[in-house]
Structure formats: structure tokens, C-alpha cells
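Residue numbers (my numbering), protein chains in the order written: chain V, 105 to 506; chain Y, 72 to 504.
Please note: incorrect hints may appear among the correct ones.
[What the hints assert, rightly or not] Covered stretches of chain V (chain Y as the covering partner; in silico rule of three or more C-beta atoms under 8 Å from a C-beta of chain Y):
(1) 215–226
(2) 273–282
(3) 413–425
[Said to hold, decoys possible] Over the 10 Å line for every Cβ pair with chain V, so calculated as not near, a few chain Y residues:
(4) Val138
(5) Asp150
(6) Val185
(7) Ser293
(8) Met384
(9) Gly408
(10) Cys416
(11) Tyr442
(12) Arg501
What the hints contain is simulated information worked out from the structure, not anything from laboratory work. Every value quoted in this text rests on a predicted model; they were computed, and no experiment measured them. Just so it is clear, CB atoms sit at the ideal spot from N, CA and C, and this is done for glycine as well.
What follows is the residue order along each chain.
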Amino acid sequence: MLLKLLQLSIRNILRHRRRNGVMLAAIVVAVAAVVLMSSLIRGMQEDLAETAVASLLGHVKVLAPGYRDDPGIQRSFALAEDWASEVDEGAVAGWAARVRVPAVIMSERGTRGVQFVGVNPAQEGISFLGGAKIVGEFLRDGADGRILVGRALAEQLETKVGRRLVIITQGADGLSREAGFRIAGLYEAQGENLEKAFAFTGVDALQRLLGAPAFTELSIRLHEEPALAPMKERLAARLTDLDVLDWRELAPQAAAMFLFADAAIFIWFLIMMGALVFGLVNTLVTSVMERVRELGMLRALGMRPSSVVLQVVLEAGILMLMGVAVGVALAGAVIYWLADGIDLSLWAEGVETFGMSTVLRPVALAEDVLLIVAMSLALGVAASLYPAWRAVKVRLLEALGR
Amino acid sequence: MSVETVASLGASRPRAAGAAPAGASKFGLAAAVAWRNLWRNRRRTWLAVGGVAFATALVQFSMSMQVGGYAAQIEAATDFFVGHVQIQRSDYVEQARFEQTINGVTSLVRSLEVRPDIRSVAPRVEAFALASVDERSFGVQVLGMDAARERRTVGFLKRINAGRMATGPDEVVLGSALARNLGAGLGDEVVVLGAGKEGGVAALAASVSGILNSGIAELDRSLMLAPINAVQGAFGLGDEAHTLVVRSADPLAGAELVGALNTELPQGAKARNWDAVLPDLRQGIELDRLGSVFLYGIIIVVVTFSVVNTFIMTVFERTREFGLLRAIGMRPGAIIGMVQLEAFCIWLLGVGVALALMVPIIVWLSSYGLYLGEEISQIETNMFLPDRIHPRLSWAVSLTAPAIMLGGVQLAALAPALRIRRLQPVAALRAQE
Numbered sequence: 105m106l107l108k109l110l111q112l113s114i115r116n117i118l119r120h121r122r123r124n125g126v127m128l129a130a131i132v133v134a135v136a137a138v139v140l141m142s143s144l145i146r147g148m149q150e151d152l153a154e155t156a157v158a159s160l161l162g163h164v165k166v167l168a169p170g171y172r173d174d175p176g177i178q179r180s181f182a183l184a185e186d187w188a189s190e191v192d193e194g195a196v197a198g199w200a201a202r203v204r205v206p207a208v209i210m211s212e213r214g215t216r217g218v219q220f221v222g223v224n225p226a227q228e229g230i231s232f233l234g235g236a237k238i239v240g241e242f243l244r245d246g247a248d249g250r251i252l253v254g255r256a257l258a259e260q261l262e263t264k265v266g267r268r269l270v271i272i273t274q275g276a277d278g279l280s281r282e283a284g285f286r287i288a289g290l291y292e293a294q295g296e297n298l299e300k301a302f303a304f305t306g307v308d309a310l311q312r313l314l315g316a317p318a319f320t321e322l323s324i325r326l327h328e329e330p331a332l333a334p335m336k337e338r339l340a341a342r343l344t345d346l347d348v349l350d351w352r353e354l355a356p357q358a359a360a361m362f363l364f365a366d367a368a369i370f371i372w373f374l375i376m377m378g379a380l381v382f383g384l385v386n387t388l389v390t391s392v393m394e395r396v397r398e399l400g401m402l403r404a405l406g407m408r409p410s411s412v413v414l415q416v417v418l419e420a421g422i423l424m425l426m427g428v429a430v431g432v433a434l435a436g437a438v439i440y441w442l443a444d445g446i447d448l449s450l451w452a453e454g455v456e457t458f459g460m461s462t463v464l465r466p467v468a469l470a471e472d473v474l475l476i477v478a479m480s481l482a483l484g485v486a487a488s489l490y491p492a493w494r495a496v497k498v499r500l501l502e503a504l505g506r
Numbered sequence: 072m073s074v075e076t077v078a079s080l081g082a083s084r085p086r087a088a089g090a091a092p093a094g095a096s097k098f099g100l101a102a103a104v105a106w107r108n109l110w111r112n113r114r115r116t117w118l119a120v121g122g123v124a125f126a127t128a129l130v131q132f133s134m135s136m137q138v139g140g141y142a143a144q145i146e147a148a149t150d151f152f153v154g155h156v157q158i159q160r161s162d163y164v165e166q167a168r169f170e171q172t173i174n175g176v177t178s179l180v181r182s183l184e185v186r187p188d189i190r191s192v193a194p195r196v197e198a199f200a201l202a203s204v205d206e207r208s209f210g211v212q213v214l215g216m217d218a219a220r221e222r223r224t225v226g227f228l229k230r231i232n233a234g235r236m237a238t239g240p241d242e243v244v245l246g247s248a249l250a251r252n253l254g255a256g257l258g259d260e261v262v263v264l265g266a267g268k269e270g271g272v273a274a275l276a277a278s279v280s281g282i283l284n285s286g287i288a289e290l291d292r293s294l295m296l297a298p299i300n301a302v303q304g305a306f307g308l309g310d311e312a313h314t315l316v317v318r319s320a321d322p323l324a325g326a327e328l329v330g331a332l333n334t335e336l337p338q339g340a341k342a343r344n345w346d347a348v349l350p351d352l353r354q355g356i357e358l359d360r361l362g363s364v365f366l367y368g369i370i371i372v373v374v375t376f377s378v379v380n381t382f383i384m385t386v387f388e389r390t391r392e393f394g395l396l397r398a399i400g401m402r403p404g405a406i407i408g409m410v411q412l413e414a415f416c417i418w419l420l421g422v423g424v425a426l427a428l429m430v431p432i433i434v435w436l437s438s439y440g441l442y443l444g445e446e447i448s449q450i451e452t453n454m455f456l457p458d459r460i461h462p463r464l465s466w467a468v469s470l471t472a473p474a475i476m477l478g479g480v481q482l483a484a485l486a487p488a489l490r491i492r493r494l495q496p497v498a499a500l501r502a503q504e
């Protein structure tokens with residue numbers, strides 16, 4: 105029975121190829137636009153998270169209590185050798201223990217304020233620093249007593265590789281420290297803000313200067329975002345006297361943008377389907393109204409009203425299904441074509457202010473596509489209800505008399 | 072409309088078209104017929120009108136929101152700190168160096184202030200120094216400001232939320248995070264050490280008269296405000312400043328003001344509009360606009376497809392009628408023209424519905440504003456997103472969406488109607504209705 109109805113619906117669609125072809129084109133454009141847009145929004149989200157995580161944050165960061173309000177070597181902690189093995193459980197992609205203190209940096213031509221960070225270069229694969237382009241040399245190891253500064257900062261200070269810079273900061277005993285550092289290299293980062301904010305040296309060298317064999321932060325990168333919550337719990341249980349914060353808490357701006365993106369996908373869908381629904385209902389009602397005689401005949405021959413409804417709903421469903429299939433395929437092709445990313449460098453400062461990189465890569469998530477497909481089909485069925493009701497309302501004698 | 076009335080039409084006797092008085096122009100008649108044709112299938116007409124109205128209303132609403140939102144963003148951003156127009160030495164714009172100052176500031180400021188297109192001007196000195204309290208030292212950006220002029224020009228000094236702006240040479244205001252990092256409170260002594268002009272040592276000992284909480288972490292961590300005379304004195308500057316911040320009489324006419332200033336200013340000085348000073352804001356707006364253009368384009372395409380469909384159905388169902396009109400001598404062009412008029416009527420109704428719905432809403436919202444939720448304003452960026460958007464109604468915005476939709480609707484009606492040219496009257500007359 106269902107098969108017969110299906111056949112009937114398909115034939116009805118094929119009776120008006122031009123009209124249904126145009127309707128199909130409208131569905132294809134709307135669905136493709138929603139899928140494409142959702143993938144761009146997801147790409148933006150992923151980029152926001154990645155940029156935030158890579159900016160020395162990591163997914164989770166461990167800080168001494170009070171460090172956020174009053175950053176300095178006084179708010180530091182010692183790290184047990186075996187801390188990682190106790191909490192890892194296969195979730196950790198990498199971690200870095202650093203010393204980060206506010207400092208004044210001076211060349212013979214200028215003075216600036218920076219975050220002075222002691223790193224172990226071998227651990228920095230988890231941050232932007234590991235992959236940054238370097239002019240000159242990278243730091244050799246944690247004992248390297250040279251300095252690595254951003255290209256933009258070097259320009260401000262009018263200095264270059266091999267020259268010396270003076271750092272003034274506060275030691276563990278509260279007294280000022282002043283020391284000269286030779287520039288090992290200049291790093292390039294996404295955006296000048298990063299380049300101006302951070303200067304790096306070997307962590308052991310900085311600990312010696314400050315007079316404390318301790319760290320101010322432990323940054324942990326995970327293999328995947330979902331492992332974040334349990335990892336936070338394990339860390340909090342293990343490192344009881346320290347603050348354990350995730351990137352959303354540390355970069356609330358990126359996290360808020362992240363949330364808005366979800367709503368944006370839904371709004372896009374509603375708008376597109378709103379535009380579509382008028383045409384869909386129009387096509388279906390016409391298709392019902394020109395078959396009044398035929399429907400009357402079928403009813404007279406004993407077709408139940410429910411079957412009439414089903415026939416119209418099937419017609420809408422098939423039209424929608426075809427449109428969705430082609431639309432998703434079209435969006436897929438466009439996404440594939442854009443796989444290398446859209447170059448936004450014309451608006452570099454604008455996107456960097458939002459914490460994004462200048463290349464936007466679409467990311468198609470299976471669950472988004474499935475959701476769009478399911479919602480589109482549901483909308484197709486909903487749009488067919490009024491035409492189906494019209495079809496059932498057909499009066500037998502009147503219809504046959506036409 | 073029955074076949075008889077249509078036939079009488081073809082014979083150019085307007086008797087039957089009741090809406091048109093005798094002697095009315097041919098066009099008036101055609102319009103009357105097109106209007107009547109619309110109501111032969113009310114449901115279909117209203118659905119097509121609904122599509123047009125939906126697209127027009129949505130595009131019009133969001134364009135008004137954009138115009139209002141951008142204006143609010145720009146006003147908030149310029150009023151916060153940077154002003155509408157900034158004047159600096161052109162080499163200071165490229166690469167800021169302390170010695171690159173504008174000379175003769177007092178007279179320059181006075182001459183600018185009397186211009187009718189400028190409301191106020193505030194000179195600023197910008198230096199970098201080391202601020203210390205006891206054993207703690209941090210790098211700070213020292214801003215020398217003329218408090219009275221500054222208050223007339225931007226709202227930045229309103230952000231001093233404890234104490235007051237420094238008034239004498241022995242007072243400074245600290246950013247909130249800087250004060251916390253230094254461990255300094257109101258009344259505490261701060262020592263400022265920096266490099267003055269020509270390599271001299273600049274030193275300043277002052278007490279904290281106020282704490283600035285701008286809401287922008289970078290500024291709160293690094294800013295120190297002091298009276299401009301004190302900073303000029305300490306850093307070895309004469310009647311000089313690095314930046315003149317200008318509040319213009321008409322913020323939208325910034326480009327003209329900048330153009331005029333750049334021909335009049337002394338050699339080496341350069342005026343820049345806010346969009347050059349805040350490229351990130353301008354680019355953020357451009358990107359947002361680009362995304363919306365994509366959205367509007369797709370909506371209009373989808374709705375246009377619906378209208379195409381409406382006319383495919385209309386033309387198909389009226390094959391017999393068109394055959395008859397052809398048979399009695401109506402030219403294909405005239406029939407296509409009639410269909411175009413029907414499309415125009417659909418557009419007119421759609422836009423009418425859209426305007427009737429949207430204009431009151433936009434007017435109401437333009438005074439009350441659309442509340443977007445607290446989260447928006449808590450996003451701390453240089454974008455200055457408002458948490459309440461007041462849409463703005465303007466002719467340009469009100470006409471853009473309808474104009475594009477008109478093009479779409481007329482094209483949509485044209486494509487199916489072109490078949491009429493190939494219509495064989497005899498075959499068409501036999502077509503089943």
C-alpha cells in the first residue's frame with residue numbers, strides 16, 4: 105500500500121517537471137547555504153578555541169592562588185616529578201611548566217612592558233611558540249640564557265638579533281632584578297598583539313635570575329576538548345592548593361563568541377526555511393487543487409482520507425529529500441573547494457581582535473549536517489499539512505462533477 | 072474573469088473591465104486587468120506576496136539593525152578614547168617615537184577649536200616609563216592629558232571610578248590592574264622613571280589621586296594618567312604633544328574634515344579619521360556586512376524561485392486564455408506586459424505588507440532599542456558591542472531591499488511568460504484548463 109502511494113507521489117512530482125524543478129532549486133540553494141554557513145561558523149568556532157588554547161593557555165592551566173590578580177614569582181609553586189603520570193589517563197597531548205612574570209624591557213632606543221616567560225623549548229610544541237616562524241635562532245633548552253622577542257616588539261625597540269636587551273623585574277625576595285639578555289631570535293605570531301606581549305627565555309635561566317626554583321603556571325593541552333571536564337576534576341583533586349582553570353574561564357571573550365556561534369547556525373536555518381516555506385506550500389497546494397477531480401475519483405473508489413494525506417505528505421517529503429540530498433552535496437563540493445581556507449588577511453586586524461586567525465577553514469560536522477537534514481525534512485512535512493488538509497476536504501460529488 | 076470579458080478586452084472595448092472608467096488609458100486598463108487576475112487565485116497570490124514580504128521585511132529589519140548597531144559601535148568606540156579624528160606627526164603614525172612631536176600645540180589647539188566643524192580638541196603626550204612603589208616596578212604608558220579639554224572630547228576620564236583625575240604636577244591616576252600590581256592605593260607615592268627627550272632622565276614623584284577602570288585589561292594594566300604640563304615638564308618637552316584628539320561636529324562627515332585638515336595643518340602633521348585609527352573596528356564592520364550581504368542574497372534568490380514557480384503555474388493554467396487572447400489579436404508582448412504588471416502588483420503588495428509590519432517595529436525599536444542580553448556587552452573587545460541596538464530607519468535602507476526584490480520579481484515573472492511568444496493560438500485553445 106505504502107509502495108503504491110510512493111509511486112503515486114513520485115508520478116505526481118514528475119507530472120510537473122518545470123515547476124518541481126524550480127522548487128527543487130530553491131530547496132537546494134537554501135539547504136546548501138545553511139550547510140555551508142554552519143561549516144563556516146564551526147570553522148570559526150574551532151579557530152577561536154584553537155587560537156585561545158595555543159596562546160600559552162592550553163586547555164587547562166594550573167596557577168597559584170592569587171596569581172591572576174597579582175602575577176609574579178611570589179605566586180609560584182613547585183611541581184612534583186610524577187604529577188603527570190597520576191592524572192594523564194591518555195588524555196594529555198602535552199604540557200609545559202613555565203615561569204611568567206611582568207617585566208620592563210629596554211633597548212638603547214625604547215622601553216616597553218612585557219610578560220617575560222621562562223620556557224622549556226622542548227615542551228612548547230603545545231603552544232603557538234613551537235610552530236612560530238623564527239628569524240635567528242630558537243632557544244636551545246631550558247638553560248638558555250638568551251631572549252626571544254616578537255618581531256613587532258623588536259621593531260618598537262629598534263633592535264635586532266644579536267643585540268642586548270635589559271630586563272627589569274621583581275625577584276622572589278621582592279627586590280628588583282636587572283639583567284642583560286642577548287637576542288637569540290625574533291618570533292612571528294598570529295597578530296602583533298602576541299608579538300608585543302611576550303618575551304621568552306630559558307626557564308632555568310629565569311628561575312636563577314628570580315631566585316626561586318618554582319613555576320608560576322602549568323599549561324596542559326589535551327587530545328580533545330571533551331576530555332576537559334574530567335581532567336579538570338582529576339587535577340583539582342591532585343593539586344589541592346592550586347587554581348585549576350580551563351581556557352573558557354581564562355579567555356571568556358573567545359568562550360562567549362563560541363556560544364554565540366551555536367545560536368547563529370539555528371538563526372540561519374530558520375531564516376532560510378522561512379523564505380522557502382511560502383514557495384513550498386504554494387507548489388503543494390496547486391498540485392492538490394489541480395487534482396481535485398482525480399482525488400475525488402480515488403476517494404470514490406475507496407481510498408481512505410489518511411491515504412490521501414499520506415500521499416501529499418510523501419510528495420512534500422520526496423521533494424524535500426531530493427533537495428536536501430543535492431543541497432548537501434553542493435555544500436560539500438563548495439566546502440571541499442574551500443578546504444584550504446578563506447583568506448581574510450584583508451581584514452587582519454578585525455579578525456585578530458576577535459581572537460581568530462586570518463584563514464577561515466570550513467569544518468563540516470556530521471551532527472550539524474544531520475540536524476539540518478532532519479529539521480528540513482520535518483519542515484517539509486509540516487508545510488505539507490495544510491495542502492493535505494485541503495486534499496481531504498475535497499467533496500466527492502463536487503469533485504467528480506467538475 | 073470569464074472568457075467573455077477577456078475577449079472584449081482583446082477587442083479593445085474597455086466596457087467589461089469595470090474598474091477602469093471609459094476612456095481610461097490603455098495602461099490603466101491593463102493594470103486593472105492585471106490586478107483582477109491576481110484575485111483569481113487568492114491563495115496563490117497571498118503566498119507569493121507572503122514570500123516577497125518575508126524577504127523584504129527581514130532584509131529591511133536587519134539592515135536597519137546593522138546601520139543602528141554600527142553607528143552605536145562607532146560612537147562608543149570613538150567616545151571611549153580615540154575620538155573622531157586624530158592628528159599626529161606622520162612619522163609618529165608609522166612608528167611611534169617619543170621625540171616625534173607636534174610643536175606649537177597651544178596655538179594649534181586654539182586655532183582648531185574655533186573651526187565650526189570641530190567641537191573640541193584634546194592634546195595628549197604619550198611616554199613610556201617605569202613606575203615603582205617601594206620595591207615593585209612595572210612598565211607603564213604615561214598619558215599627559217588636559218583634563219578639561221579631554222572631558223569635552225571623549226568620555227575616557229569618566230572611567231576613573233575611585234578618586235579623581237590628577238590636577239597638579241604631583242598627582243597621577245593609575246589603571247586598576249597596575250595599581251593592584253604595584254600594591255598602590257589612593258594617596259600612595261609612586262616614582263616614575265623614564266627616558267626624556269634627547270636622552271635625558273625623566274623623573275616624577277607623585278601621589279595616586281585616582282584609579283582608572285576602563286574595562287579593557289590591556290589599558291588597566293599599563294596606563295598612568297597625569298596632567299599634560301607635568302608630563303611635558305618631566306620628560307623635557309616644551310609646548311609639544313604627540314596626539315591631538317578631535318571631536319567633530321558631525322561624526323559622519325569625518326572624511327571631509329580630515330581632507331580639509333590635511334591641507335591646512337602645518338608641515339608633517341597628519342589627520343586621520345577614526346576608521347584609520349581603529350582599523351580593527353572598521354574591518355569587523357566590513358566583515359559583518361559581507362556576511363549579511365551573502366545572507367540577503369540567498370534569501371532573495373530563494374524567494375525569487377518561489378515567485379518563478381508561482382508564474383510557471385499561472386502561465387500553465389492560463390494557456391487557453393492566452394491562446395484566446397492571441398487568437399483575437401492581442402500581441403504576445405502585450406500579454407507578457409500584463410503578466411509583468413501582475414508581478415509588479417505582487418511586489419507592491421509584498422512590499423506594502425513588509426513596510427506596514429516593519430516600519431512601526433523599527434520606529435518603536437529605534438527609541439527603545441532591542442536588548443541583546445548582558446553577555447554581548449561582556450565580550451570585552453575593541454569592538455564595543457552595545458547590549459541594546461537601536462535600529463535606524465533611513466531612505467537608503469528602506470528602499471534597498473524593495474528595489475532588489477522588484478528586480479527579482481520582474482525577472483521571475485518574465486522567465487515563464489516568455490513561452491507566450493511561442494504559443495500557437497489554435498493548440499492553446501484546445502489545451503485543457
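Hint by hint, here is what the structure shows:
1. For a cut-off of 8 Å, the count of residues in the stretch 215–226 of chain V with a CB near a CB of chain Y stands at 4, and the three-residue condition holds.
2. Closer than 8 Å: that is the beta-carbon criterion, and the stretch 273–282 of chain V has 5 residues meeting it against chain Y, so the requirement of 3 holds.
3. Chain Y is given as covering the stretch 413–425 of chain V, and this is violated because 0 residues of the stretch bring a CB closer than 8 Å to a CB of that chain, at least three being needed.
4. Val138(Y), annotated as away from the interface, keeps every beta carbon of chain V farther than 10 Å; the closest lies near 19 Å.
5. Distance to chain V confirms Asp150(Y) as a non-interface residue, since its nearest Cβ pair spans about 18 Å, more than 10 Å.
6. With a least beta-carbon separation of about 35 Å from chain V, Val185(Y) lies farther than 10 Å from that chain, consistent with its non-interface assignment.
7. For Ser293(Y), the shortest C-beta to C-beta distance to chain V comes to about 6 Å, within the 10 Å cut-off, and the non-interface label is violated.
8. With a least beta-carbon separation of about 5 Å from chain V, Met384(Y) fails to lie farther than 10 Å from that chain, contradicting its non-interface assignment.
9. The beta carbon of Gly408(Y) is kept farther than 10 Å from every beta carbon of chain V, the shortest such distance being approximately 22 Å.
10. With a minimum CB-CB distance of about 16 Å to chain V, Cys416(Y) clears the 10 Å threshold, and the non-interface call stands.
11. Residue-level check passed: Tyr442(Y) sits 15 Å from the nearest beta carbon of chain V, beyond 10 Å.
12. Distance check for Arg501(Y) against chain V: the nearest CB is about 18 Å away, which clears 10 Å, and the non-interface claim stands.
Consistency note: the structure conflicts with the earlier hints numbered 3, 7 and 8.
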